[in-house]
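A.B. asks: The primary structure of each chain is shown beneath.
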Amino acid sequence: MNKTWWKILASVLVIYTAIAGLLLGVPHLAILNETIRNLYFHVPMWFAMIVLFSISVFYSVKSLSTKSEIDDIKAVESVNAGIIFGILGLITGAFWAKYTWGQFWSFDPKQNFAAISILLYFAYLILRNAIDEEQKRAKISAIYNIFAFPMMVVLLFVLPRLKDSLHPGNGGNPGFNSYDLDSRMRMVFYPACLGWILIGYWVYTIRFRIRSLEVKQQQN
Amino acid sequence: MQLAKEVKYLIQKEVVLEWRSKYTINGVLLYVVSTIFTCYLSFVSLGKDDKLVWNALFWIIMLFASINGVSKSFLQETKGQQLYSYILASPAAVLISKTVYNILLMLVLTTVALGFYTLVFNDYSPPDLLLYYVAVIIGSISFSTVFTMVSAIASKAGNGGMLMAILSFPIIIPVLILLIKLAKNAVDGLPWENSYDEIAMLLVVNVITVATSLLLFPYLWRD
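Those protein sequences? They're chains A and B, same order as listed. Under UniProt numbering, the first residue of the first sequence is numbered 1, with each subsequent residue one higher. Under UniProt numbering, the first residue of the second sequence is numbered 1, with each subsequent residue one higher.
Each hint should be verified, as a subset may be incorrect.
As the list claims (entries may be wrong) - Result set (DSBU-like, lysine-lysine): computed pairs, CA atoms no more than 35 Å apart in a straight line:
#1 B:Lys79 with A:Lys67
#2 B:Lys8 with B:Lys156
#3 B:Lys156 with A:Lys62
#4 B:Lys181 with B:Lys79
#5 A:Lys62 with A:Lys136
#6 A:Lys67 with B:Lys72
#7 B:Lys184 with A:Lys98
#8 B:Lys156 with B:Lys51
#9 A:Lys98 with B:Lys181
#10 B:Lys184 with B:Lys5
#11 B:Lys184 with A:Lys136
#12 A:Lys67 with B:Lys5
#13 A:Lys136 with B:Lys5
#14 A:Lys163 with A:Lys7
#15 A:Lys62 with A:Lys3
#16 B:Lys184 with A:Lys62
Said to hold, decoys possible - Just some of the chain B residues that point at chain A, by a computed CB distance under 10 Å:
#17 Ile11
#18 Gln12
#19 Lys13
#20 Val15
#21 Pro91
#22 Ala92
#23 Met162
#24 Ile173
#25 Glu198
#26 Ile199
#27 Ile208
#28 Thr212
#29 Leu220
FYI, nobody ran anything at the bench for these hints, they're computed from the structure. For glycine and all other residues, C-beta sits at the position ideal for the given N, C-alpha and C.
Here chain A stands alone, though its shape is the one from the complex:
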């Protein structure tokens, strides 16, 4: 992935979705009204976060068997990038909630569980800070990362289904992907997801390169 074409593609897609997402027509639904456009900006954040955290788990598994420092740096930097997207997802969701539910934070199950899963990764970062020795740190934090990942999946995808939530797609509220997501919205939504995932991956590669340069500098 050292080529530049996908970076250009990501930029073009995100610029396109920012413009088209605000200008193109959307279905008019009660309560949601124009806030339905938030779909283009809120949901891709979570997709990017999940992809980045999955990359992190992949490199954690790899670093357990290879014990290479590179894999450890990859795991932690993808968590760092993923947390940025998680926080952005919470913020965009909170703004949407302000205009549809009346409050930034109304302790809806989806909001709570998303916040807890971010806490999980903050705990991961704190665990890393607590250990000084590099190899030990790489091993123990990789183990915690793998151990925590299934819990995050339960938090984000299973538990909200069991509770009553106001979030679209839950508790009898129409989900965006059932009948509301008409072809006009698909034209923007899918490129937005792809674009933001690529941007997330880009952020992660930049962070990884900076970090590995720093490590190299320290070793010399």
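Start from chain A and add chain B according to the hints.
C.D. replies: Frame of chain A, contents of chain B only:
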């Protein structure tokens, strides 16, 4: 078969050690009883109708008691002891024996706690006591499986108590939410069919936790 034999001996060792000192069990029991008593005295102004508050309170007390009880399993051991059991037994046997021992410990603890809780809070006894007890049993199992692994991680990181709390809370919250929901069904006296979802979910979470722990523990174990 080798594994089963090792597990049996290690559990025996844990129980004998505990029986000789009786420190953990008595300590945690006293902790639970005094916490329940403190809670009773502080919340005494709550009326009979606040059954949900009593339920949540019970689980919070259980959560802290089990963190204190289970975290001992690895944090208490010295480096020498860990090395000794590493030479003698396979990592899987160590983890399974610790988990089973913690489950036993938690079962005793939660049963006594539930008895004392219903005794102190006279008005508060869930209509469906059997279902509540099922929730308590599943709760002890889940707390033990999760906290055993987290305490192993925390003890290897070498920064005991605080890390244990930070690392375990985000992981235990989904379990705790399911448990409180299940226990609430018992408090409301709903028919059992309504609780099968939660019970199944909790069992699945436990299976996932045990499976990932068994996979990861061998890496954690060797230094």
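A.B. asks: Run every hint past the structure and note whether it holds.
C.D. replies: A quick look at each hint next to the structure:
| no. | hint | in the structure |
| --- | --- | --- |
| 1 | B:Lys79 with A:Lys67 | 23 Å, holds |
| 2 | B:Lys8 with B:Lys156 | 25 Å, holds |
| 3 | B:Lys156 with A:Lys62 | 20 Å, holds |
| 4 | B:Lys181 with B:Lys79 | 40 Å, violated |
| 5 | A:Lys62 with A:Lys136 | 15 Å, holds |
| 6 | A:Lys67 with B:Lys72 | 29 Å, holds |
| 7 | B:Lys184 with A:Lys98 | 31 Å, holds |
| 8 | B:Lys156 with B:Lys51 | 41 Å, violated |
| 9 | A:Lys98 with B:Lys181 | 28 Å, holds |
| 10 | B:Lys184 with B:Lys5 | 40 Å, violated |
| 11 | B:Lys184 with A:Lys136 | 43 Å, violated |
| 12 | A:Lys67 with B:Lys5 | 33 Å, holds |
| 13 | A:Lys136 with B:Lys5 | 31 Å, holds |
| 14 | A:Lys163 with A:Lys7 | 39 Å, violated |
| 15 | A:Lys62 with A:Lys3 | 24 Å, holds |
| 16 | B:Lys184 with A:Lys62 | 42 Å, violated |
| 17 | Ile11 | 23 Å, violated |
| 18 | Gln12 | 28 Å, violated |
| 19 | Lys13 | 25 Å, violated |
| 20 | Val15 | 27 Å, violated |
| 21 | Pro91 | 12 Å, violated |
| 22 | Ala92 | 15 Å, violated |
| 23 | Met162 | 9 Å, holds |
| 24 | Ile173 | 5 Å, holds |
| 25 | Glu198 | 7 Å, holds |
| 26 | Ile199 | 12 Å, violated |
| 27 | Ile208 | 5 Å, holds |
| 28 | Thr212 | 5 Å, holds |
| 29 | Leu220 | 5 Å, holds |
Violated hints, in rising order: 4, 8, 10, 11, 14, 16, 17, 18, 19, 20, 21, 22 and 26; the structure is consistent with all others.
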